[in-house]
Amino acid sequence: MLSVQNLQAGYGASQVLFDISLDIKDGEVVTLMGRNGMGKTTTVRTIMGLLPPKGGAVQYDGRAIGGLAPEKVARLGFGLVPEGRQVFPTLTVRENLVATAANRLAAKSPWTLARIYELFPRLGERGGQMAATLSGGEQQMLAVGRALMTNPRLLILDEATEGLAPVIRSEIWQVVEKLKAEGQSILLIDKTFSVLKRLADRHFILEKGKTVWTGTSAELTRDQARVQAWVGI
Amino acid sequence: MKREYLILATVFLLLALVPFLAAATGQTSWTRLVGQALIYGMAAASLNFILGYGGMISFGHAAFFGIGGYVVGIMYHHFDAGTSFLGVIPGTDQMLITLPAAVLVAGLAAALVGAMSLRTGGVQFIMITLAFAQMFFFLFISLKTYGGEDGIMVRRTNALPGLDMRNRDTLYWVVLCFAAAYYLFLRRLVQSSFGQIIAGIRQNERRMASMGISTFRYKLYAFILSGMGAGLAGALMVNFLRFASPDMMHWTRSGEFMIMVILGGVGTLAGPFIGAGVLFTVETTLARYTEHWMLPVGILLLVVVLTSKGGLMALIRKLTGGQK
Amino acid sequence: MNHVLEIAGLTKTFGGLTATDNVSLTVNAGEIHALIGPNGAGKSTLINQICGELMPNAGHIHLAGRDITRLPPAERVALGLGRTFQITSLLDDMTVRENLALAVQAREGGNFRIFDRAANRAEVWDEVAEILAASALGPRAGVTVADLAHGEKKQLELLMALSQRPRLLLLDEPMAGLGHLESQQMIDALLAARGDCAMLLVEHDMDAVFALADRVTVLVYGRVIAAGNADEIRANPAVRDAYLGEEDT
Amino acid sequence: EATKIGVITTLSGPAGYLGEQIRDGLTLGLQATGAEFELVVEDDARDPNTGVQVADRMLNEEGIKLLTGIVFSNVSGAVVPETLDAGAIYVSPNAAPSGLAGAKCHPNYFVVSWQNDSLHEASGAAAKKLGYTTAVALAPNYQAGKDAIAGFSREFGGTVTEIYTGVEQSDFAGEMAQIRNAAPQVVFQFHPGGQGIAFLKQYQQAGLLGSVPMVLSEPSYDGVILKAVGPAAVGLTGTTHWNDDFDNAASKAMVAEWAAAFPTTPLTTYAQQAYDTGLLIGGALNKVGGEDIEALQAALKAADFASTRGSFAFGANQHPVQDWYLTSIEADEAGNPKIVTKEKILEAVGDVYAADCKM
Amino acid sequence: MILLIEQLLNGLQYGVTLFLLAAGLTLIFGIMGVINLAHGALYMVGAFAGAWVSIQTGSFWAGLLAGLVASAIAGVLVELGVMRRLYARDHLDQVLATFALILIFNQSTVLIFGRQPLFTSLPEMFSGSVEIVPGLPYPSYRLFVIAVGLAVAFGLYLLINKTRIGMLVRAGASNRQMVRALGVNIGGLYTAVFGLGALLAGLAGVMASPIMSVQVGMGDEIILATFVVVVIGGVGSVKGAFVAGIVLGMCDTMLRAFLPGLLQQVMPGSEAQALGVGISSMGIYLMMAIILLVRPRGLFAAQG
Ligand SMILES: Nc1ncnc2c1ncn2[C@@H]1O[C@H](COP(=O)(O)OP(=O)(O)OP(=O)(O)O)[C@@H](O)[C@H]1O
Ligand SMILES: Nc1ncnc2c1ncn2[C@@H]1O[C@H](COP(=O)(O)OP(=O)(O)OP(=O)(O)O)[C@@H](O)[C@H]1O
Ligand SMILES: [Mg+2]
Ligand SMILES: [Mg+2]
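Protein chains in written order, with our numbering: chain S, 1 to 233; chain G, 1 to 324; chain H, 1 to 249; chain R, 1 to 359; chain W, 1 to 304.
Derived by calculation from the structure, the hints in this document are not laboratory data.
Do not take every clue at face value.
[Claimed, not checked] When the alpha-carbon atoms are kept at most 16 Å apart in a straight line, the in silico EDC-like pairs for lysine to aspartate or glutamate are as follows: (1) S:K25 to S:D61; (2) G:K144 to R:D147; (3) R:K4 to R:E38; (4) R:K129 to R:D147; (5) S:K180 to S:E28; (6) G:K144 to W:E271; (7) G:K144 to R:E155; (8) S:K178 to S:E118; (9) H:K153 to H:D92; (10) G:K309 to W:E271; (11) S:K197 to S:D223; (12) R:K344 to R:E291; (13) R:K104 to G:D164; (14) S:K197 to S:E182; (15) S:K178 to S:D201.
[Unchecked claim] Pairwise CB distance ranges (calculated): (16) S:P121 to H:G228: 55 to 61 Å; (17) S:K54 to G:R187: 16 to 22 Å; (18) W:S59 to G:R119: 32 to 38 Å; (19) W:Y157 to S:G62: 55 to 61 Å; (20) S:K54 to H:A129: 34 to 40 Å; (21) R:A103 to G:F20: 34 to 40 Å; (22) S:G67 to H:G9: 54 to 60 Å; (23) H:T144 to S:E219: 38 to 44 Å.
Glycine residues also receive a C-beta, built at the ideal position from the N, C-alpha and C atoms.
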């Protein structure tokens, strides 16, 4: 579905991504791993069109989408849960969820407000509250809910469990598992190595803006020593 | 460092030569033009201290400029008429008295306005400073004794011992010296301990507060210093123009100062002076050729904002390769 | 009276919501006291009340025996309160060194001087050099903060807070967003600092909490539901239920 | 060789039309005298600084010895002293601040228009003559406004209810209600420019036009205002020092020249004052035949020209001594307002400041 | 009593005029985060286009349509040509750019229409007055203005608070990139909102043209009062703009009408007059200062 080849990008004069290649198939859960500052978020931003690529190619169903405007990329079926949550502070929880809701790809059982509230009861309780006053964890749930409400074909979770209580964290992992079971394709970025290994089908490891390792979870176990050095455990 | 001093000295020298250059080329009105630009540059620079370095966007700065000017005007008025202000303070035409008085009174006014305005921030701060300035404007417009909206004529420039202030070139040099001194003062100010704290507050007030800085007091102090600078500029302006009127504190004047700062470069030392100089020169030159000079001026300003980030100073930096 | 911090009956409501509900706790000198609890339990709200950004509806806060409940934030700092923010909060246009210098300068005083040169204050810069030399950030001293990696920003926040030489340091999720390596570095830094000041630590990373904390207080829905040492908390069924869940890290 | 004349006037902003009138009237007046001249016109943007800057260049760089054109007294307060100090002559077609009319009068400073106070006294006299005894007087809350009401009251003599309006106010509904409530026999109001347009429109819309007569002084009902207000002005009474139906050769010539040059623009008293200024300057230039300042000064002082207002003379402070007339605003064939001169109400009046002037 | 009713109506009418202007400004200024000093120029564009067309056609309604269209087009052009490049910039750059726009608009108007004020008359339908209570004839046109203002207020309330467009605009104000990353073409949305704001300003301009003077620079005078309304109401809040507009309109009118009279009880007539008006001129600023000291973010400040 999505394939990235030799992607290069950066901020202004400083180049961050030098050679990123990855691919995701329908229904697959893949991860992007690497230590802090290796370019995971930058990769996501470039794929989403929030940063212009400086080289390489991004293809979606065989069609080149590198350099497309972010709204066009999103409309193709990308749902982003960004690093740092970035909920809309001046909108209520409910408004955050419905403002950008859509079912562009005509999913058969689309996400609804009720289903989101069922998934995250906490959001239901806070439906009328301004998002700015939510606790950090509540905001994170909101960001996930907001992305799901666009009924994406590929869900991108960039550090979706950061700052969450352990219980909630496991809840989110359960949600991811559930989504995976429903056939949702997911690109995961996270720090919790063991969970990633269990949940995902394949993994991409970044080191200083380059993809240095690719493989399945089984291969990951085999290569544990090297991988852990890259990921920094 | 050395290079900066060299540039400063060169610029000062060039400016000092303006009356001679003007006389040599027959363009004598340039002396006045440059003098005026220097004074406005001072006012804009004083604004820039709170705006560019301190992050406080004041839209009422002309009030302090006007108050400083009126102090000179009112003192001259009483001197001329042989009366005294409020029946106690006699008038004077001595610059060594009027300027400090103007600075002081402007500082007091700034303390008053600042103490109230600084409780708000952002857009609200912009508007509340404007509101106070408007109140001063309406106050001065209805002061019949001091000419109301017609203003006060100051028939003779204030006297400075040993100098013939009626000589326009002398007056220009006096203004230049004040401008240079003020520039050096500001330069020191932004590098001082206080200047650093102010810069910190601009970037992250919450962080500064968490380091034990009671930001309100620092901002107020900065606001007062800045108001005093504007008062000084206003006082010089009245000496230069020999006229004080409520126009000096009209809100469009505050806007003009802001335009100079933005045009020249926010948060730079030389920017406000460059902004004032360029704006004046362009306006005056264009006005000679067309009644509709506002149109090209508008287009020019627009082009500058759209093409350069950080005003003319950014442009200069780009051209000279990063150095100031 | 060897409590550095003593909180009694602290209550804060937002509209109908009680964010902290009659919370009492103490922090002893030299102690690391962890505050954990589910998201939205009121931890940040509590921190904000202690440092003075929020005013409680009821209750008292004592710092080293002094009632600081109604003091403005700056005065609390003068009395020895330091903090880091949940979302990093630094002076983005300045370099690491300048950030630290400003922090030291803020502590040193003389901040109303307008004719000196901040760049020439030897006492400030010497101390900054010292701090940097002892820290992993040393090589990054000249980098503008906006260009720092996340973990480095967190480190800098800590250094700035410590440079205030606080009696009590409030740490709001210092590990958030850090990878394993960076977390470990942060833990080491905190352990190194523990001799100098007491800490109130809010954190979701249980490895860090259990590695660091002398005592743990658990907040749920604004209330304290348990307090004790690490083992007691780990074993507490109510805490497991409300917060820890089945850890699978 | 053509004499250069510097014209500093307001061409931008809402008051821009005043400067335009002055510039055009001046040109026609000078042309009428056949003098050789060259106008150097520049905008002062109603800003004293700009005005002085322009004056400086004209006086010191271009060697111009004769300036004119300023609309607003705050600009002339800065420019006139500058001009006089440079040894040049200033002839005012409009602004006449009292500060320069009394003790600070100057041989090189002439005013062809009028001094504020006399203007409104004429309106007071007119209201009195029409037999009214109670009035509501309205003016903006600045010095000129206060002077206007004071001048009106002085000659009116009856009971006057004063109402001050805001300096930048443009909605007068509240004042209309107050007028209706006070039910005076006559209303006097002084609101030049855009404020005057708004006031007159709203006066009619409030239904007061038919029921309470109004007396105005000339800045509040100039041709441009009347054109913008339309039929709402019909029925008002005005006082002026000149009107386009004056029966003298100079006035008739001016009206004809104006109509030929600017067929769609109304001819206002601003243009007329400037035209008179042009006649005065042109005549003096012809007489002196050069730029000898002293001779020129003497020639100007003699005021030896046929003014469009009939009789014209300078008082001791070189401000005019002139007659004031009562006019009524009537409908022309198309229903649009036109000003019709009725009678002379004050004769050969100068201003109160002349007494303080020692030249 | 009658006087009081009449003054209340006057206050209401002034209030809704302020609201029409402030609503557009608060949309642009508060919600899109752009300081648009040129909002007054759009008011002028509406007034001039309206007045000119109504002179040519003799119909107020044709003028109204023309004014709306012209100001909306001007707004859209400004957004596409200038504002679009400034969203990510500092507020100060926006100030400079929109100041430049004022100069351009004013001088272009001089070039197109000349310096003389334009004449417009009331629409035939509303040229009379209505006797609201016995003894109080009130101009029906002013009642019409009040009605239009209230209708616009209601419509805007629905648009902002009840529609997705409103939510998206508010979301975009805080985080433009994120809205885009969720699949919304925010550029088009902003253009539309800017056009709407301009249209409202144009509406205010056309509505004012038969009452006031249609002249160059007319927008610069009213823009200050408009900003005051926006700030008192709370930046970004259309509801706030409405309440603040009405309150300000009322206060201004009432102060002017009754303060001098009250002062006359304690001091001589003409001094009371002058002081009274002096205070009323400062009135809106005084009120803003007081309100901001009590509520630093205005009456209906948006959260966050
Ligand atoms: N807006 C920006 N401007 C300049 N440099 C940036 C910006 N954002 C990130 N960087 C730099 O780009 C590099 C890669 O950052 P990125 O956020 O992609 O890393 P990451 O792998 O997502 O790290 P983390 O695990 O901390 O989220 C870092 O060195 C960072 O300092
Ligand atoms: N200004 C406010 N107005 C209304 N409710 C608020 C406000 N600030 C916080 N809250 C609410 O108070 C509760 C406590 O929030 P707080 O930020 O203290 O949680 P927390 O324990 O720090 O959570 P996290 O671990 O996710 O950061 C939350 O439910 C939050 O929504
Ligand atoms: Mg990242
Ligand atoms: Mg928190």
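Do the hints match the structure? See the list:
1. A C-alpha spacing of about 10 Å is found between S:K25 and S:D61, which places the hinted pair at or below 16 Å, so the restraint holds.
2. For the proposed pair G:K144 and R:D147, the alpha carbon gap of about 10 Å is at most 16 Å, so the pair holds.
3. Annotation: proposed proximity of R:K4 to R:E38 holds, straight-line Cα distance about 5 Å (limit 16 Å).
4. At most 16 Å may separate the alpha-carbon atoms for a hinted pair to count; R:K129 and R:D147 exceed this at roughly 21 Å.
5. The straight-line distance between the Cα atoms of S:K180 and S:E28 is roughly 8 Å, inside the 16 Å bound, and the hint therefore holds.
6. Among the hinted pairs, G:K144 with W:E271 is consistent with the structure: their alpha-carbon atoms are about 12 Å apart, no more than 16 Å.
7. Under the criterion of a C-alpha separation no larger than 16 Å, the hint pairing G:K144 with R:E155 is inconsistent with the structure, at around 22 Å.
8. Proposed proximity of S:K178 and S:E118 is supported: the alpha carbons are some 13 Å apart, at most 16 Å.
9. Restraint check for H:K153 and H:D92: the C-alpha separation of about 10 Å stays at or below 16 Å, so the hint holds.
10. With a C-alpha separation of about 52 Å, the suggested pairing of G:K309 with W:E271 is violated against the 16 Å cut-off.
11. Restraint check for S:K197 and S:D223: satisfied, since their Cα atoms lie roughly 12 Å apart, inside the 16 Å limit.
12. A distance of roughly 38 Å separates the Cα atoms of R:K344 and R:E291; the hinted pair therefore is violated under the 16 Å criterion.
13. Distance check on the hinted pair: R:K104 and G:D164 sit about 23 Å apart at the alpha-carbon level, beyond 16 Å; violated.
14. Taking the CA atoms of S:K197 and S:E182, the gap is near 19 Å; set against the 16 Å cutoff, the hint is violated.
15. Note on S:K178 and S:D201: the hinted pairing holds, with a Cα-Cα distance of about 15 Å set against a maximum of 16 Å.
16. For the pair S:P121 and H:G228, the supplied restraint of 55 to 61 Å is violated, since their beta-carbon distance comes to about 29 Å.
17. Against the hinted window of 16 to 22 Å, the Cβ-Cβ separation of S:K54 and G:R187 comes to about 40 Å, which falls outside the hint.
18. Look at W:S59 against G:R119: about 52 Å separates their beta carbons, and that is not inside 32 to 38 Å.
19. In this structure the hint that W:Y157 and S:G62 lie 55 to 61 Å apart at CB is violated, the actual value being about 48 Å.
20. Remark: the range hint 34 to 40 Å for S:K54 to H:A129 is upheld by a beta-carbon distance near 38 Å.
21. At about 38 Å, the beta-carbon gap between R:A103 and G:F20 stays in the expected band of 34 to 40 Å.
22. At roughly 59 Å, the beta carbons of S:G67 and H:G9 sit within the given window of 54 to 60 Å.
23. With their beta carbons about 40 Å apart, H:T144 and S:E219 fall inside the hinted range of 38 to 44 Å.
Comparing the model with each numbered hint stated earlier shows that hints 4, 7, 10, 12, 13, 14, 16, 17, 18, 19 do not hold.
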